[in-house]
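*Asks:* Modelling step: build the complete structure from the supplied sequences, incorporating the hints.
Going by numbering that gives the first Met the number 0, 96 is the number at position 97 of the sequence shown; the sequence numbering is gapless.
Take the hints with a grain of salt, since some may be wrong.
[Stated by the list, open to error] DEER-style ranges, computed between Cβ atoms: (1) F222 x S125: 44 to 50 Å; (2) K154 x G126: 37 to 43 Å; (3) N135 x N110: 27 to 33 Å; (4) A286 x A118: 32 to 38 Å; (5) F288 x F227: 41 to 47 Å; (6) D232 x K53: 35 to 41 Å; (7) G126 x D291: 47 to 53 Å; (8) S71 x A286: 42 to 48 Å.
Please keep in mind that the hints were generated in silico from the structure rather than gathered at the bench.
Owing to the predicted nature of the structure, the values given are computational and were not obtained by experimental measurement.
Cβ atoms here follow ideal geometry from the backbone N, Cα and C, with glycine treated the same way.
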Amino acid sequence: MDKFNDMLLVTANVGSLFDNVGEIQNGWLEELYKTIQKYKPQFIALHFQEVGGKDYMVNMDKAESFFCTIESSEEMKEFDRSCIYVDTEFQTEDSFTALGSMYFIHRALKNIYQYDFNAKDFKTVSGQTKYVGSLNGVCTVEKEKFPKNFWPDFKWSRKGFLRTRWIIHNQGLDLVNIHLFHDASNLIAVNSSPSIYSANRKKALRYVINRISDSPSNPIPFFLFGDFNFRLDTLTLVQRLTIEADVVKVMKDRTNEVEKIIFEEKDDGRQMLLQIEEKLFEYVHQAVFRKDNGRA
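*Replies:* Here is the structure:
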């Protein structure tokens, strides 16, 4: 008799799957199916971020096809119940998060319940339910885009969270799909330690934890898995890599803004060690990051 593991929790920023559909999507799905076959879970939670990719206005149809491919796959035939939530309504800028959550329940798993946030009660999960669009008004999921006033100096982006609540094997738990902020500019990230982006991520994460800890008298366990956009501390890293280097700052024409920062060896050769631009971090000695798991 097959041995079943209770739960498989998977998170993936799938933006590149839609920007390069033919190149990596099939390989990604193959690895997902191998993982399901290996662990034989009774409950699968798939949390996706950046559904539709960077060019989501063009790619959203591909995203819906991607979810249908997973649903109809051979590997999912033994999962007789599913709950799917995909935020695809990019026209609604004030609430669009590009998050998608898929939950599959194996026929061997009995007595599983999902929370109705409107009725404030648990209900038996049966059949297949699928919500694709804005998700506004869907009573079994909570969706929130991070407030714009969190960081008024930066572009408002598709970041937020989706929450579902379950009872599995008589244990209540929240599953939270989260997408935190990236470092939009290396030139800004290198200005301080911790960077302003790190502070934004901390603020957003604390906000989510406070939001989902909504019953202090009867706390429920929660799992946050998504794209946290964790980064190395840029300033500390640069200081470590360029101890014996001179710094040259290149300014933009007719402005006082830095366009690039170049670190050069102090010897006569003046070899460039590191160049930093808004979207570029180019270090000469790549072995530092690759050899011995980054401990070279």
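*Asks:* Which hint numbers doesn't this structure obey?
*Replies:* 1, 4, 5, 6
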